[in-house]
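**Q** For the record, the sequence lines run as chains A and B. To get the numbering used here, take the position in the first sequence, counting from 1, and add 73. To get the numbering used here, take the position in the second sequence, counting from 1, and add 4.
Simulated from the structure, these hints should not be mistaken for lab results. Don't be surprised by glycine CBs; every beta carbon is placed ideally from N, CA and C. Misleading hints may appear alongside valid ones.
Here are some of the chain A residues that sit facing chain B, going by a computed Cβ distance under 10 Å [stated by the list, open to error]:
| hint | residue |
| --- | --- |
| 1 | Leu114 |
| 2 | Ser116 |
| 3 | Asp117 |
| 4 | Gly177 |
| 5 | Arg181 |
| 6 | Leu184 |
| 7 | Leu227 |
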Amino acid sequence: MNTYNMVKQRFIKKWINTLHMLDSSIEHPLNVTERKNAIRLSSDLAIAAARSGSTVWSRALISRSGNKTTNKPMARRILKKARNRMKNRCRTLRRNGNFTAKVGVRKRTELLKSLVPGGELIDDKDYLIRETLDYIVYLRAQVDVMRTVAAVDLVTGNLTNDRRNK
Amino acid sequence: MLEGLVSQESLSLNSMDMSVLERLKWVQQQQQQLQQVVSQSSNNSPELLQILQFHGSNNDELLQSSFSQFQMFGSGFGPNYNMGFGPPHEAMDECISRTSSCHMEPVDTIEVLLKTGEENRAIALKNKRKPEVKTREEEKIEKKIKVEAETESSIKGKSNMRNTEASSDTSKETSKGASEIQKLDYIHVRARRGQATDRHSLAERARREKISKKMKYLQDIVPGCNKVTGKAGMLDEIINYVQCLQRQVEFLSMKLAVLNPELELAVEDVSVKQFQAYFTNVAASKQSIMVDVPLFPLDQQGSLDLSAINPNQTTSIEAPSTSWETQSQSLYNTSSLGFQY
Numbered sequence: 074m075n076t077y078n079m080v081k082q083r084f085i086k087k088w089i090n091t092l093h094m095l096d097s098s099i100e101h102p103l104n105v106t107e108r109k110n111a112i113r114l115s116s117d118l119a120i121a122a123a124r125s126g127s128t129v130w131s132r133a134l135i136s137r138s139g140n141k142t143t144n145k146p147m148a149r150r151i152l153k154k155a156r157n158r159m160k161n162r163c164r165t166l167r168r169n170g171n172f173t174a175k176v177g178v179r180k181r182t183e184l185l186k187s188l189v190p191g192g193e194l195i196d197d198k199d200y201l202i203r204e205t206l207d208y209i210v211y212l213r214a215q216v217d218v219m220r221t222v223a224a225v226d227l228v229t230g231n232l233t234n235d236r237r238n239k
Numbered sequence: 005m006l007e008g009l010v011s012q013e014s015l016s017l018n019s020m021d022m023s024v025l026e027r028l029k030w031v032q033q034q035q036q037q038l039q040q041v042v043s044q045s046s047n048n049s050p051e052l053l054q055i056l057q058f059h060g061s062n063n064d065e066l067l068q069s070s071f072s073q074f075q076m077f078g079s080g081f082g083p084n085y086n087m088g089f090g091p092p093h094e095a096m097d098e099c100i101s102r103t104s105s106c107h108m109e110p111v112d113t114i115e116v117l118l119k120t121g122e123e124n125r126a127i128a129l130k131n132k133r134k135p136e137v138k139t140r141e142e143e144k145i146e147k148k149i150k151v152e153a154e155t156e157s158s159i160k161g162k163s164n165m166r167n168t169e170a171s172s173d174t175s176k177e178t179s180k181g182a183s184e185i186q187k188l189d190y191i192h193v194r195a196r197r198g199q200a201t202d203r204h205s206l207a208e209r210a211r212r213e214k215i216s217k218k219m220k221y222l223q224d225i226v227p228g229c230n231k232v233t234g235k236a237g238m239l240d241e242i243i244n245y246v247q248c249l250q251r252q253v254e255f256l257s258m259k260l261a262v263l264n265p266e267l268e269l270a271v272e273d274v275s276v277k278q279f280q281a282y283f284t285n286v287a288a289s290k291q292s293i294m295v296d297v298p299l300f301p302l303d304q305q306g307s308l309d310l311s312a313i314n315p316n317q318t319t320s321i322e323a324p325s326t327s328w329e330t331q332s333q334s335l336y337n338t339s340s341l342g343f344q345y
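Turn these sequences into a full structure, and let the hints guide you.
**A** Encoded structure:
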């Protein structure tokens, strides 16, 4: 239990850093979608950084995000495009893929490979599952932290609104 | 002929600043040369060829087993040989596509095995047991927790194989606490009554046990996995869960973007320590979030600890962060450069 909290704390530290970095380098004002992409990017980098080790997914995530943020004017466009492409791919896969058990393990592993960053590079099924488990843990940490931060923001937002209204 | 190979390796790999591509090409060359050797001697040991194929499917573990093989025969081939296989390992660690490059190396070492004769059988058998022990070590070495690795790997090795008893060598080795990969542990295999002592079936059994163990951890981590049986169902659950989590992240980042007009997330008001304090308070109060926490078998470094051993309290978080720095320094430099205009 301690270690999971430590994971989250590491994630928080990295996330603060990445947010600051992104904040200083992105022009303002941004619309909501761009802000969301920036937050998503920074948090992805943060979980990859928190895991920084021998996992394929963390390195793949870093390189994937790195490719997206190099060129400034193209960056946001590329970010959006990449997001859309990924979303569309996931949607089509879901449509085609109410797999019956007959279709079997192979197609599901293909799908899993597409979901886990860096999964396409892994051939060994055992290793893929191990990577997936690791990735799930860190995703979970990311979700927990973001949820609580959102809750905090909501609360502080309400408080400031109340103060303003009074 | 192997002497020639050794000298070639030592020549080519003495310069550490060989690029990764060159190293891979070198490995391919080695493989081709050894392939010829194998074809000549394939008549003698068909079983070993099958073992070769079996091992072709396990990449990372073979890397470690290949190391062990080397240290075994290191005395025969001299120090250069060990060094020869050192750099490719590190290089491959740095590549993202590590598994594809790993194919070459283990084959080499097993083919080296073929040359040496009778020792092959015992060693090939040992070969299958070692991957279990060595895989954990590979991960731990990078994090520089050596003692933990030794105990973990030994315990994992012991618990995973019902039919094997680790000899006293293993226990002695683990107490050393060094990150050396040279280990001469002989794991004696004893088959249960009514089960085949065939080399194949032993290998298959070991592999199945490994997979079933992983499935158990899956069930711990992914909620709702207990009701589903069979690989396809489990994979379904995993895929579902990963998709769910990713969608949640997407949604939460959108929510945060809406709630914060600037990209700061009220971070300046809240220092890191306050965050941590907030989290510990939250942990005490909100039970719902922390329900699944004890199920994550995490070790001290936050990597997935498949042996589910409670870690001791000494941490070195610096080690991962330094590797993070080296890996992503370039990333941040480029991103910062790219963003400035």
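**Q** Let me make sure I understand: some of the numbered hints might not hold for this structure. Which ones are they, in numerical order?
**A** none
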